[in-house]
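> Below are the chains, spelled out letter by letter.
Protein chains: 2
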Amino acid sequence: MSLARVHNFAISLDGYGTGEGQDADHHFGHAGERLHEWMFATRWWQAGGSGGVDNAFVQQHGPGIGAEIMGAGKWGHPGWQDDPDWKGAWGPNPPFHTPTFILTHHTRSSIEMEGGTTYHFLDASPAEALETARKAADGKDVRIGGGATVIRDFLAAGLIDFMHLAVVPIVLGRGVRLWGEELEGVEKDYVVETISAPSGVTHVTFTRKGI
Amino acid sequence: MSLARVHNFAISLDGYGTGEGQDADHHFGHAGERLHEWMFATRWWQAGGSGGVDNAFVQQHGPGIGAEIMGAGKWGHPGWQDDPDWKGAWGPNPPFHTPTFILTHHTRSSIEMEGGTTYHFLDASPAEALETARKAADGKDVRIGGGATVIRDFLAAGLIDFMHLAVVPIVLGRGVRLWGEELEGVEKDYVVETISAPSGVTHVTFTRKGI
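Protein chains in written order, with our numbering: chain A, 4 to 214; chain B, 4 to 214.
Don't take each hint at face value.
Each pair may be met inside one copy or between any two copies, as identical chains are not told apart.
[Claimed, not checked] Straight-line C-alpha distance at most 20 Å; calculated EDC-like pairs for lysine to aspartate or glutamate:
{"#": "1", "residue 1": "K191", "residue 2": "E36"}
{"#": "2", "residue 1": "K191", "residue 2": "E23"}
{"#": "3", "residue 1": "K90", "residue 2": "D126"}
{"#": "4", "residue 1": "K90", "residue 2": "D28"}
{"#": "5", "residue 1": "K143", "residue 2": "E36"}
{"#": "6", "residue 1": "K191", "residue 2": "E40"}
{"#": "7", "residue 1": "K90", "residue 2": "E117"}
I should point out that these hints are in silico values taken from the structure, not numbers from a laboratory.
One chain only, chain A, in its complex shape (with noise of 0.2 Å):
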């Protein structure tokens, strides 16, 4: 059974994915890198990183996963449509490895990069899209990368099997919200577990009943 899966997705306390004022040079604008630094603190970022909680789940990302899905919203900057030599925030290597789908309304041709990833645009739903992704995914499982909006738009469809959420104790007042009133009651379908971690982290995570 081919799964789709959400890993390392970062909110402040109040909610929100990503803060407000995003450009190409401020990938999370106001917010900046205070929803990831738990992760690159871990030695799964880098070598001398902490080795507990914390990395136990970043771990989880890679393995399994034979495709993600993200949106245009993580893939690009607001203005991206018009750079026809943008490739991605995440340099000629990207850390994901496996056929890349970005959902977008204004699609390209594909982008071969280093390290197995390719970029495919894909104008569609998101069960469209899973059912594309799953294929590419050969068997494995399809990340559902962010932004806050895709993954909110999958959960409201119920098309996501396993979710692990970082909460981060600051309060950002604005940006993409996670959480909207299309998700009232989403717990409901899922076993839901919490641990915090040392460095202030809450780990969320909703795994589908049944799975």
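Place chain B on chain A using the hints.
Same frame as chain A, now just chain B:
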């Protein structure tokens, strides 16, 4: 030093302190009692309850408190202003046991209840109300009892010294939010700690730096 303290304030994963559709019979609207089941399950609430992390936190509610401030939305219900016989939602012996100040534009005469609780009605700013409550507390601390908008207003005014939140792993989708744009960066003035309990609730404490 008389501190202003928040205790046992429960919010959903998406940050709601109460649901939508509050009335005299539905004090928390469509949230029902789901934000507080963790509290009812403790020894503090009932004999035979659990004695772990949740219980350790809830017990801090009373000790050292000499007065409470709450909003009219907590004390009353939509329409209480037209009900001269309304005496709060907690019966003849309310769980406050101190002078208790209700913030409202619709003031009325003070009401003396059993067990040491006297309701006073104040049309005042957060700072003015805190000054009044501190006098009544006679050197003890003042509890800021909620609801969400009252806590947000006191936080935004820089008046809270200690805040204990209980984040309950449900998604309410609608209601009254604790967080707001005016609280951006509020964590910078506090030591923030988090601990998740076996109940699934995550306790988050804000302790003002230097107190």
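> Taking the hints in turn, state whether each one holds.
These are the hints, each one checked on the structure:
1. Within a single copy, K191 and E36 get their C-alpha atoms only as close as 32 Å, which misses the 20 Å cut-off; across copies the closest is 16 Å, which meets it.
2. Taking the shortest Cα distances, K191 and E23 sit within 20 Å of each other only across copies (19 Å), while inside one copy they are farther apart (31 Å).
3. Taking the shortest Cα distances, K90 and D126 sit within 20 Å of each other inside one copy (18 Å), while across copies they are farther apart (58 Å).
4. Taking the shortest alpha-carbon separations for K90 and D28, only the intra-copy value of 14 Å comes in at or below 20 Å, while the best inter-copy value is 57 Å.
5. Neither within a single protomer nor between protomers do K143 and E36 lie at most 20 Å apart by alpha-carbon distance, with minima of 31 Å and 41 Å respectively.
6. Within a single copy, K191 and E40 get their C-alpha atoms only as close as 31 Å, which misses the 20 Å cut-off; across copies the closest is 16 Å, which meets it.
7. For a Cα distance limit of 20 Å, the shortest separation of K90 from E117 inside one copy, 12 Å, qualifies, whereas the shortest one across copies, 70 Å, does not.
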